[in-house]
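Peer 1: Start from chain A and add chain B according to the hints.
Heads up: the protein sequence lines correspond to chains A and B, in order.
Under the working numbering, the first residue of the first sequence is numbered 132, with each subsequent residue one higher.
Under the working numbering, the first residue of the second sequence is numbered 132, with each subsequent residue one higher.
Simulated from the structure, these hints should not be mistaken for lab results.
Do not take every clue at face value.
For identical chains, the list gives no copy identity; a pair is met inside one copy or between any two copies.
[Said to hold, decoys possible] Here are the simulated EDC-like cross-link-like pairs (lysine to aspartate or glutamate), alpha carbons at most 16 Å apart as the crow flies:
no. : residue 1 : residue 2
1   : Lys505    : Glu299
2   : Lys590    : Asp571
3   : Lys679    : Glu151
4   : Lys425    : Asp608
5   : Lys239    : Glu269
6   : Lys529    : Glu511
7   : Lys488    : Glu512
8   : Lys271    : Glu610
9   : Lys483    : Asp503
10  : Lys645    : Asp145
In this text the structure is predicted, and so the values were computed from the model without any measurement.
There are 2 protein chains.
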Amino acid sequence: MKIALAQQNYIIGDFEGNFEKISDAIDQAIQQNTDLILFSELAICGYPPRDFLYFNHFIEQCELIINRICAIAQDRIAVVIGAPSKNPIPDGKDLYNSAYFIENGKVKHITHKTLLPTYDVFDEYRYFESNRTFELVEYKGKKIAITICEDIWDTGETNPLYTVNPVEELAKLQPDFLLNLSASPFNYKQAIKRIEIVSRNASAFNIPIFYCNNTGAQTELIFDGGSLVIDNQGRLIDELPYFRTAQKYYELDVNNTIQIINDIQNSNTKDEMALIHDAIICGIKDYFGKLGLKKAILGLSGGIDSALTLYFAVKALGKQNVLSVLMPSQYSTNHSVDDSLKLVENLDTSYKIIPIKEAFDVLDKILQPHFDGKPFDVTEENMQARIRAIYLMALSNKHGYVLLNTTNKSEAAVGYGTLYGDMCGGLAVLADIYKTQVYDLCRWINRNDEIIPKNIIEKAPSAELRPNQKDSDSLPDYEILDRVLFEYIENIKGPDEIRQILGFEEALIDRILKLVNRAEFKRHQTPPILRISPRAFGSGRRVPIVNKYCQ
Amino acid sequence: MKIALAQQNYIIGDFEGNFEKISDAIDQAIQQNTDLILFSELAICGYPPRDFLYFNHFIEQCELIINRICAIAQDRIAVVIGAPSKNPIPDGKDLYNSAYFIENGKVKHITHKTLLPTYDVFDEYRYFESNRTFELVEYKGKKIAITICEDIWDTGETNPLYTVNPVEELAKLQPDFLLNLSASPFNYKQAIKRIEIVSRNASAFNIPIFYCNNTGAQTELIFDGGSLVIDNQGRLIDELPYFRTAQKYYELDVNNTIQIINDIQNSNTKDEMALIHDAIICGIKDYFGKLGLKKAILGLSGGIDSALTLYFAVKALGKQNVLSVLMPSQYSTNHSVDDSLKLVENLDTSYKIIPIKEAFDVLDKILQPHFDGKPFDVTEENMQARIRAIYLMALSNKHGYVLLNTTNKSEAAVGYGTLYGDMCGGLAVLADIYKTQVYDLCRWINRNDEIIPKNIIEKAPSAELRPNQKDSDSLPDYEILDRVLFEYIENIKGPDEIRQILGFEEALIDRILKLVNRAEFKRHQTPPILRISPRAFGSGRRVPIVNKYCQ
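Just chain A, with the same shape it has in the complex (with noise of 0.2 Å):
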């Protein structure tokens, strides 16, 4: 039996859009005389639809893709797809999430999703009911075992999420194979994962898995690909590409056992960095690419947060495409424009130099009235990242930019940066990448040339909105930040077990997760953060703004 992998980048609602590529995918395989096309989960509809799931009228446009789906097969080859379906029994949510088989023109069986992801960035129990029973499909004298991603993600901890294994209860009834249909996004630990766990459903079912898998950034949400097909003893047969789409075709002779017929090289890394790397590039490319935007616009400030932003939005939409503003004020030092100088050459990029200092004078002189003499405090310094967010937003309105936002995760997790001032932004680049890690992907992205001027990268993190300023001035070290910030935010801890993990003292823990807790208010109002991490801010983490805890 020759079966394809299908792995695709869907654009969420965009129905004719989404046909058209899958329509392609199938005319390939049947060319190919495929017998079965294996295509990822809510593939018609891109995932995750979120609340355009409660629109009848959006989940009828799904049942009429498939019903193209159905005339372009015929009974020229098997599509297995994912779309939601109606739930018929009143009693429930109103839809499953389905794997939809497509045999001799028709609907032959729907499989749905039995374990629904509701935790993290997932809400499918808020749209979708749980599969109950567990059944094969027979095709071709072949028994199919049909899971929906989360169905297949057992971590073999001693703590599973679920009550009911979908894969045990499928082995019992003795599948030839087993299909997955999955939209399983991006993290910089998931590749190693993703393969760990699959692998260890073949071996222990003893079956042989194909895993397709979607790619893609949808918003925040970046999903790398990596279908993956596993012999019935866990070996890798085969993985396809990251962070691009890939149709390969498999041999399942009778033995069940697997031969790849077109090997299409990938140079798939699983180093932490280069994976970060390329995930931010898909993440801006998408965002762009899907909203049929083209150019970015930044404010480059000399730091190393706004230079590795400018590198990906190069990198992400090429060098004509993107704008750096230079926004010196009277405390930025002479090496933050040198230092800009120097990157926007390297990268062969334009700028343009506009000073804040004469419009911070005037708003200044207009509102010390109104200030009834207090000294200068972080009003002012707010004021000039204000400034530059005028600037920059007004250069995106007239020329049609998107404006990008610098800001990291560090700086994100403690509320350190100016609402409606360097906040701003249509996606924020690095807010999932804490200053620790911009540090070591700039030196990454330097290991064979100083694309990233060194001094930019050594010297001291400063906001230069006041004489002399230092982050250290307000901030831990980001070494000791960092540290504290991802016990927290990663790993769930509390104040005592950061203390009993790290062994740094009470009051600074206490100070850090105060600082965190207090700054949801801000985080609340920040842009869409491309997610690279198991858990980064944004949908995936949900705080009231209101709360005493930890304060």
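Peer 2: Below, chain B without anything else, positioned relative to chain A:
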């Protein structure tokens, strides 16, 4: 048997503060020789605790408070109170949403919530496992059924959200009465619906119900209280007041009939305007109060939205704590300032006038060379809005005000507003209130006296960012717009259905839906929105920014 209902207002994660309120209520009930006191859902930690529930430390704090309640209750009173509890079984989620039954100073029984709302603003399956077994608790010769919020929320529709009905299961065990611990947020339809649902359950199963809700606002969610006592024939015996704390006592005799002991008069209106009015005041008051803030600032444009926001701010925080800032531009009409001054006078509150022309002219002069000769457009309009934001945020930072956002729901829906301009603020007061409802509210407020100047209500809405601008230049009339928005947002109708329901032209509807779906990126960055409708923007409506649905 003497039963007390304690309708209280908690702060999320404020374990000491919440315990103090709870222990005061228990002390008072003991003094009244009460047999049993009933609190609301997750009272100990506050509702909704969201991802704080993932912290083991947070759950342990809850357990410590339970122990302290046991210690004060001793053998003097039984306490039924909501808190999370750990799931002892490794399979499934780690927590239950539970009701602790405390008798003789010990936890006698823990009842778990069966139906976990996971829709709208609710994410309970994100954290909790569902109860699957049904038992009564015996106390002083009575058999008591215990339920938590959603467990009783059978709307009687033919398409229920769940496959089990906990009240039906419990009724089979023949309880003498039923307790319900709720944390059920307000919307302007909720008060009537709540009585109807609890009443239907009582009469259908022939069982008296004591229903205890919490009150007060938690960021965007407003809890109205309105706790209920309903007899076994579904008759309303008592309803606790809305939007404030209360503690009341009831006697349940041997025949399970109920007497009110201390009758507090309440003036619970079911009028939608009055309810929205009181809810918004509660929302502002608790946002400020629970964050330890006192003073609000807002920009007064002369339009109806900022006028209504100022009215609410003064009502909630006191006139001495609210500062209005009038920031006329060269495009402002004279009546903008005059009308605003009249309003400020009516409300006897303070104001400043800081024109923006000088600041605009300087910024425009600085930026013109970078506009490449392109004509005046939305850029210059946005610049004016953003200069006002700089003024307001500078005063906010310098003097410790919180900026109130004045956007209404119609504007938020179609993206009619300037990001980092008039869309700034710590709290969006009106963004769940359509423009047509804003008018209705102002007329309702003026029903006896002209508090909001008539001219503000009667003039045509305008942003006044270019000469002779009117909202109607860019948007359909609000009467039409709001009806389409209501079908799309509240009723979740697709384009064809809206056309059938309203009979408007296809092009008009398509234009509006496109505006809504394209404005998602703006709504992503708006402040938290006080929720007064069954479907507010914010955590109750989750839509991907990058999408091509209906656009």
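Peer 1: It remains to establish, for every hint, whether it holds in the given structure.
Peer 2: Do the hints match the structure? See the list:
no.: 1; hint: Lys505 / Glu299; result: neither (69 Å within a copy, 66 Å between copies)
no.: 2; hint: Lys590 / Asp571; result: within (15 Å within a copy, 58 Å between copies)
no.: 3; hint: Lys679 / Glu151; result: between (51 Å within a copy, 15 Å between copies)
no.: 4; hint: Lys425 / Asp608; result: neither (37 Å within a copy, 34 Å between copies)
no.: 5; hint: Lys239 / Glu269; result: within (10 Å within a copy, 53 Å between copies)
no.: 6; hint: Lys529 / Glu511; result: between (27 Å within a copy, 9 Å between copies)
no.: 7; hint: Lys488 / Glu512; result: within (12 Å within a copy, 23 Å between copies)
no.: 8; hint: Lys271 / Glu610; result: neither (59 Å within a copy, 60 Å between copies)
no.: 9; hint: Lys483 / Asp503; result: between (36 Å within a copy, 13 Å between copies)
no.: 10; hint: Lys645 / Asp145; result: between (43 Å within a copy, 13 Å between copies)
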